[in-house]
Amino acid sequence: MQSRIVGTTMPVLEVLLEPNESVISEAGELSWMSGSIQMDTHTQMAGGGGLLGAIRRVAGGGTLFMTEYRAAGMRGEIAFAAKIPGHIVPVQVGGGQEYFAHRHGFLCATPQVQLGVGFQQSLGAGIFGGNGFLLQRIGGQGTAWLELSGELIVKDLQPGETLRVHPGHVGAFTTGINFQITRVPGIRNLIFGGDGIFLAALTGPGRVWLQTLPLARLAHALQEYLPSGGTAERTEGGVVGGVVGSILRGM
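Heads up, the sequence shown is in our numbering, so the first residue is 1 and it goes up one at a time.
The set of hints was computed from the structure by calculation and includes no laboratory data.
Mixed in with the good hints, there may be bad ones.
Each pair of labels, with its calculated beta carbon distance range [as the list claims (entries may be wrong)]: (1) N20 / E161: 42 to 50 Å; (2) I84 / G160: 32 to 40 Å; (3) M39 / R103: 22 to 30 Å; (4) A72 / D156: 39 to 47 Å; (5) Q97 / L16: 19 to 27 Å; (6) L226 / G160: 40 to 48 Å; (7) Y225 / Q2: 38 to 46 Å; (8) Y225 / E18: 43 to 51 Å; (9) G28 / V6: 19 to 27 Å; (10) T9 / T162: 25 to 33 Å.
Note that this is a predicted model, so its numbers are computed, not measured.
Yeah, the Cβ is synthetic: ideal placement off N, Cα and C, and Gly gets one too.
The task is simple: from the sequences and hints, build the whole structure.
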């Protein structure tokens with residue numbers, strides 16, 4: 001198996017598979033593939049061996065169904081493109097090395113990689129983070145590719161070193177990192193600071209990948225430019241009315 005990441009702001013991962021080699025991804029990630037690639041969609045991959053495994057994967061932000069792409073009889077190529085501007089990051093899983101990633105961070109992986117719900121310390125901190133924050137645990141054995149949005153900042157934290165981060169900027173981190181959700185200090189900061197209520201506290205040792213373009217902030221920035229339902233209905237009504245009026249005037 002060979003892989004390469006092509007592009008800059010909107011990268012694409014291209015994987016060249018030898019006969020009978022395969023990669024797995026969540027439903028809906030495929031961009032293109034050669035004619036020798038066969039698809040098989042089911043719930044059993046990525047740690048989903050049975051209903052309980054699939055539920056754990058979904059609880060971590062993944063999809064119920066996974067798709068396996070296998071090169072049948074001859075070499076084949078498959079590609080997965082980034083959905084928003086950002087980076088695609090390969091990580092090696094196994095030998096005690098596992099990762100936590102934000103709920104949309106997993107792009108694809110080799111077949112022995114497993115996905116599950118990620119939490120540390122408590123259910124409230126790991127699953128909900130006090131602010132609807134979800135972490136996906138990536139374990140097993142093999143190579144996984146993560147999709148992180150915006151520019152990428154990597155921090156290697158020493159034992160006991162703590163980094164406080166807006167939760168949306170947490171892209172991924174190794175499992176040696178202690179993760180907690182804390183409140184923004186100070187009543188005035190909490191009410192008037194405009195930075196939200198919660199911060200993620202990450203304490204070393206381990207590596208942290210920070211993303212500069214959280215999806216929630218991107219959606220918030222675009223919200224004022226998106227038409228409301230009423231505007232869309234008025235526009236549609238105006239177009240239909242204009243067409244009908246033109247027909248009537250021509251009769």
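Hint check:
1. N20 / E161: 42 to 50 Å: Given a distance of about 45 Å, which is inside 42 to 50 Å, the answer is holds.
2. I84 / G160: 32 to 40 Å: With a Cβ separation near 35 Å, I84 and G160 satisfy 32 to 40 Å, so the hint holds.
3. M39 / R103: 22 to 30 Å: holds, 24 Å
4. A72 / D156: 39 to 47 Å: holds, 42 Å
5. Q97 / L16: 19 to 27 Å: Check passed, 25 Å falls within 19 to 27 Å.
6. L226 / G160: 40 to 48 Å: holds, 45 Å
7. Y225 / Q2: 38 to 46 Å: holds, 41 Å
8. Y225 / E18: 43 to 51 Å: Between Y225 and E18, where Cβ atoms are some 46 Å apart, the hint holds.
9. G28 / V6: 19 to 27 Å: With Cβ atoms ~21 Å apart, the hint holds.
10. T9 / T162: 25 to 33 Å: Distance hint for T9, T162 holds at roughly 31 Å.
Violated hints are absent here; each numbered hint is respected by the structure.
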